[in-house]
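**Q** Okay, here's what each chain looks like letter by letter:
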Amino acid sequence: MSVKEGRVHVTPSAVDRRGWFERILAIRFFEEKVQELFMDGLVEGTTHLCQGQEAISVGSTAALSDDDYMTITYRGHGHALARGMPPEAAFGELMGRTIGCCHGVGGSMHLTDFSRGLIGSFAIIGAGLSVAVGAALSAQRRGDGRVALAYCGDGATNIGTFHEALNMAAVWHAPVVFIVENNLYAEYTPLQVTTAVTDLAQRGVANGIRSRIVDGQDVDAVYEAVLEAVAHARGDEGPSLLEMKTYRFRGHSRTDPAKYRSAGELEKWLERDPVTLLERRLRDEGVLSDDEAHEIRVRVQKEIDDAAATAAASPPPTLDAARAFVYASRELR
Amino acid sequence: MSVKEGRVHVTPSAVDRRGWFERILAIRFFEEKVQELFMDGLVEGTTHLCQGQEAISVGSTAALSDDDYMTITYRGHGHALARGMPPEAAFGELMGRTIGCCHGVGGSMHLTDFSRGLIGSFAIIGAGLSVAVGAALSAQRRGDGRVALAYCGDGATNIGTFHEALNMAAVWHAPVVFIVENNLYAEYTPLQVTTAVTDLAQRGVANGIRSRIVDGQDVDAVYEAVLEAVAHARGDEGPSLLEMKTYRFRGHSRTDPAKYRSAGELEKWLERDPVTLLERRLRDEGVLSDDEAHEIRVRVQKEIDDAAATAAASPPPTLDAARAFVYASRELR
Amino acid sequence: MNSASSEMSYRDAIREAMADSLEDDATTVLLGEDVADAGGVFKTSVGLVERFGRDRVFDTPICENGFVGVALGLAVTGYRPIVEIMFSDFLPSAGDAIVNELPKFRFMSGGQCNVPVTVRAIGGATGRFGTQHSATGETWYSGLPGLKVATAGTPQAAYSVLRTAIAQPDPVLFFEHKGLYGVKGPVVRSAPMDVGTAEVLRPGNDVTIVASLLMVQRALRAAAELELAGVDAEVIDLQWVRPMDMTTILDSVRKTRHLITVEEQVQLGSWGSSVIAQAAMEGIALDAPPDAVTLPDDLLIPYSPTLEDAIIPSATQIAERVCAIVGVAARG
Amino acid sequence: MNSASSEMSYRDAIREAMADSLEDDATTVLLGEDVADAGGVFKTSVGLVERFGRDRVFDTPICENGFVGVALGLAVTGYRPIVEIMFSDFLPSAGDAIVNELPKFRFMSGGQCNVPVTVRAIGGATGRFGTQHSATGETWYSGLPGLKVATAGTPQAAYSVLRTAIAQPDPVLFFEHKGLYGVKGPVVRSAPMDVGTAEVLRPGNDVTIVASLLMVQRALRAAAELELAGVDAEVIDLQWVRPMDMTTILDSVRKTRHLITVEEQVQLGSWGSSVIAQAAMEGIALDAPPDAVTLPDDLLIPYSPTLEDAIIPSATQIAERVCAIVGVAARG
Ligand SMILES: Cc1ncc(C[n+]2csc(CCOP(=O)(O)OP(=O)(O)O)c2C)c(N)n1
Ligand SMILES: Cc1ncc(C[n+]2csc(CCOP(=O)(O)OP(=O)(O)O)c2C)c(N)n1
Ligand SMILES: [Mg+2]
Ligand SMILES: [Mg+2]
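Protein chains in written order, with my numbering: chain U, 54 to 386; chain X, 54 to 386; chain A, 51 to 382; chain P, 51 to 382.
These are computed hints drawn from the structure, not numbers from a lab.
Hints are not guaranteed to be accurate.
As the list claims (entries may be wrong) - Here are the simulated SDA-like cross-link-like pairs (lysine to any residue), alpha carbons at most 20 Å apart as the crow flies:
id, chain 1, residue 1, chain 2, residue 2
1, X, Lys312, P, Arg104
2, A, Lys93, A, Gly103
3, X, Lys312, P, Ala88
4, X, Lys312, P, Gly161
Please construct the entire structure, taking both the sequences and the accompanying hints into account.
**A** Pasting the structure below:
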């Protein structure tokens with residue numbers, strides 16, 4: 054194993070982990086704000102929130118280098134923010150404004166940001182996985198030590214292209230890490246109604262990929278697992294799949310009251326709220342004082358509110374601007 | 054386990070197994086004849102022969118009841134003949150004549166025969182698997198005890214829809230048996246170049262399906278394994294996957310000289326020629342005498358030659374006939 | 051069957067067409083993502099699993115190609131499946147099953163089987179669903195002999211065209227428009243009809259407007275605007291893209307001597323182009339060149355609500371284009 | 051680059067366009083099923099892996115949607131992939147990648163990236179490959195803004211259009227025709243050109259024949275037959291379906307006052323319909339109604355050699371249809 058120098062992260066420092074706390078809070082507050090903005094008619098269409106799953110975004114992106122690649126899904130606000138997208142760029146996109154990361158033509162399901170290695174945000178189930186394999190092959194051919202991280206949901210492991218991506222990654226030894234966020238539901242339908250296996254890590258094994266199950270509510274566990282998988286990929290040791298057991302606290306999308314939950318299920322998972330878990334741990338360890346925690350909450354909430362206001366003040370894109378996005382060549386504009 | 058009465062076959066009799074020998078010979082001679090017909094310009098386009106893999110067709114169809122369903126592929130001559138399709142109907146199809154099982158509009162890749170439960174013959178990789186699941190669900194809903202058998206190649210286990218079919222079969226507990234004929238190559242490319250695992254049975258496991266590896270050169274072994282899997286499915290115990298290790302003695306299709314083989318590989322497999330293996334075993338067991346074997350060879354060869362001649366005498370279909378196949382409703386004819 | 055008309059939303063008409071089909075024929079089944087307990091993402095199958103049971107109304111995993119294949123397997127062994135594709139943008143995910151299997155299956159077998167599968171695809175923009183969730187696509191698959199392709203622009207058509215589709219012995223791709231679900235209108239529970247019939251929704255003498263899906267409603271509103279400008283428009287709901295009712299359309303064109311088509315697709319490869327080409331090939335004399343109102347050819351459907359509204363043809367834009375060809379000034 | 055012309059088959063022109071592109075730009079890669087060691091099922095990439103190595107020319111598993119996705123990933127991170135789809139009938143197997151990802155990727159990202167992917171699809175009938183291996187399909191995807199769609203009807207076009215396609219910063223779907231691989235002709239190794247240009251292969255004054263792929267060769271033969279009947283046909287190889295060169299085509303139509311399109315697809319949704327519709331919408335005066343020679347609308351492509359030959363338009367049939375519109379008797 055020849056891990057590229059300076060690439061392996063060490064045990065995260067107290068500073069890092071306080072940063073994680075800020076980030077996880079920012080995501081939580083962002084998502085809550087989105088619900089408000091929906092009520093106010095400032096965000097239209099549909100949106101897929103990630104409350105309950107934020108530890109995965111925060112822990113996994115913390116394990117990456119700045120120039121690594123990521124592909125995410127329609128449920129991608131958390132990943133984009135965790136990767137460092139300014140909240141006004143995310144809000145702007147949800148509101149369809151020029152300040153948005155995709156200048157408002159993408160919308161909630163398409164938070165792409167090439168400047169941060171976030172090379173695609175996919176609204177079609179499973180589509181981003183093979184794209185991540187392609188990005189990983191780029192890095193492999195150049196030998197520049199980058200890796201690609203690809204996220205998908207549990208439901209996505211039933212669509213064929215998921216398996217296609219895994220098989221190609223394994224055959225070509227691509228430096229890619231697949232993260233399956235198993236939140237137990239695909240839209241309104243529980244995992245077991247549509248899925249033959251309970252542990253989705255099994256599906257990595259069937260494609261010759263080392264696979265692990267991870268506690269998706271625990272930022273530290275996520276970080277550790279992804280760090281290891283990323284080092285493995287960077288060291289030319291091949292791809293990994295990490296199944297993160299998690300839960301979404303809200304409905305699938307805006308219009309979903311989530312009546313399909315079994316009694317007590319949500320409550321049980323709320324006890325493992327990733328925000329609370331991290332905060333409690335940092336306090337227990339003395340990394341974060343009560344005052345600090347309070348100060349951070351207030352500050353982050355204000356940042357989110359300000360970002361939403363900034364985004365709302367941005368104009369919508371023009372048709373001419375949108376037209377220029379269709380083709381890169383001059384001929385067809 | 055509630056196996057429907059009269060459905061479980063017992064140890065095959067000597068008569069049955071002599072029948073298998075006739076059938077395996079018929080397939081072998083048929084495929085050899087096709088090569089001749091190609092040279093003579095009587096068969097055009099492309100064709101995918103199955104010499105070396107005949108034990109799978111013969112052993113597996115022997116384990117079925119008459120009203121069970123099958124879906125096969127472009128490499129399906131053996132399966133169709135083993136299922137009882139008259140050789141003139143198969144030859145006729147390859148020559149594009151009205152006597153063909155699909156009246157000559159299908160061709161070599163499409164030997165469908167609903168009268169024998171052969172409900173589809175697919176030229177697109179993997180496409181028949183989910184169709185078999187659908188047929189199995191029909192049987193399940195009617196409770197009529199039928200099962201569906203779906204064949205595919207090793208290369209087909211890399212296309213997404215393979216996994217989709219397996220997952221659906223498992224989730225719905227469909228009475229279906231998947232047979233993967235692992236002949237080590239997909240067209241001109243060896244398995245390990247494109248496939249992350251060596252034992253494809255692994256891919257059944259990842260979809261919650263009981264899976265087994267079977268010696269695909271041995272008719273008895275194939276029969277026994279399929280019989281067990283079919284009984285399981287009929288008894289409402291769910292789907293199975295059987296990976297049959299096998300080899301094709303000819304190139305992928307008409308134009309392929311098969312130069313990609315490693316040295317000695319073909320020779321090694323020819324030692325396990327399924328026709329010779331069965332013949333030798335039947336002789337060793339005293340089921341077949343030398344004279345009988347000779348008589349059968351001569352007779353079957355003549356049947357094949359006669360069938361080819363009969364087919365060649367049949368006219369091509371008319372455009373009007375073909376037009377009537379497009380839509381079932383009157384309106385569009 | 052009740053032949054009296056009742057007021058119903060397009061959404062309810064879809065559900066009732068399925069319910070009546072499920073009721074009439076015990077081999078009819080409905081499958082798709084979230085169609086059972088959840089009643090469909092767009093609530094078009096609410097109550098059906100409770101009424102017809104889990105054997106007949108069932109949820110699938112997310113695997114469009116796979117479950118359309120399953121429908122095919124069910125169809126050729128005695129069932130009559132209705133498959134919901136949640137957004138028509140996911141039809142390409144079932145591309146092989148839709149293009150190579152359903153339409154070709156009967157043909158390749160030499161006519162040995164029928165393939166009574168109805169694929170319902172929910173399409174259309176105006177919902178701010180963004181670039182990957184807003185396509186209609188009714189002509190993408192219309193070049194496939196073996197397939198029938200239908201649409202509905204009114205609650206009545208939602209009922210009767212879908213009912214007809216389900217009754218076919220052949221595969222039908224049926225497009226709904228999510229922007230129409232809330233539209234209400236009178237619905238007669240008609241028995242299955244002939245395929246390939248367009249419907250004249252508003253007779254008129256000055257111009258023939260042929261439209262599909264949401265554009266039907268907008269064309270009707272345009273006709274109301276045009277009336278104020280003294281233009282008497284005939285509005286036709288295309289309904290069947292394959293087979294297409296050229297007789298009704300071209301008879302109308304012969305009468306009005308003006309033709310305009312309106313669809314939520316780009317012009318290249320559109321059904322409108324085929325209608326206009328057919329009129330030209332038949333040498334029908336027009337008083338002005340025909341026109342086609344479509345999506346812009348140089349844009350995809352943007353999320354931004356402002357932009358989405360700008361590119362989907364409005365009633366007023368349709369009326370203006372009609373005025374341009376009939377040669378009167380539009381009244382804004 | 052060598053600007054002298056050399057005699058070459060269509061197949062070799064395809065290979066040379068790829069070889070020269072691989073040579074010129076080290077980020078160009080080729081992937082697909084059996085393209086490396088086997089040199090492609092139709093032998094269009096023979097020798098390329100030996101010349102450019104396994105990092106740049108590599109075999110994929112059978113998973114069309116997956117490997118087109120991989121090409122997309124390579125493209126947006128610095129590579130310029132060429133993807134071979136062995137039969138264009140397998141494009142639907144890559145449906146999502148072709149319809150929803152490649153064309154929309156740059157747009158949805160707000161112009162953050164280029165998507166220089168060329169998908170080569172090998173299409174066409176006459177090879178007795180049967181219903182699932184004989185489609186061309188050049189208009190199936192032409193309704194997708196964001197994608198460019200190209201074809202080639204001659205060895206020269208095979209070289210220059212493919213070379214141009216590979217050089218694009220945008221995704222291009224390039225159609226070859228397996229019935230043309232053996233056709234020979236002079237080829238100049240031209241540098242990449244502009245997209246969206248049709249080519250006048252034979253100038254003429256009496257009728258404009260626009261054709262694509264194999265039909266280009268048949269249209270040229272038809273023109274030779276027509277010459278004997280005293281008809282001077284202008285033959286245009288369409289080449290780019292999106293963007294389409296309406297200027298060249300309609301200028302020709304204005305000159306000849308007769309228009310006929312020839313393609314190996316059915317008429318509904320065809321590019322021919324769009325050309326005819328455009329001529330009508332621009333009010334171009336013709337001396338006779340235009341015509342479209344296509345595949346029959348009520349048949350799929352049969353295996354039977356007799357039937358396949360009967361339905362694919364022949365040079366003689368094209369000449370007869372031309373005679374019918376220009377009003378002279380065909381000479382058989
Ligand atoms: C090909 C395709 N089919 C269906 C959908 C509609 N859809 C959007 S999200 C979703 C559920 C996905 O579930 P999962 O993968 O578990 O991710 P989660 O939403 O739970 O994060 C479905 C079916 C889609 N976007 N793409
Ligand atoms: C979707 C699709 N892609 C590619 C092909 C072309 N093709 C035909 S056979 C074949 C190889 C299949 O290999 P395998 O599944 O191992 O079956 P075998 O031919 O060995 O029996 C390929 C790639 C196809 N028919 N369908
Ligand atoms: Mg989920
Ligand atoms: Mg094989």
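**Q** The structure should be examined with respect to each hint, and the outcome stated for every one.
**A** Hint by hint, here is what the structure shows:
no.: 1; hint: X:Lys312 with P:Arg104; verdict: 19 Å, holds
no.: 2; hint: A:Lys93 with A:Gly103; verdict: 17 Å, holds
no.: 3; hint: X:Lys312 with P:Ala88; verdict: 9 Å, holds
no.: 4; hint: X:Lys312 with P:Gly161; verdict: 47 Å, violated
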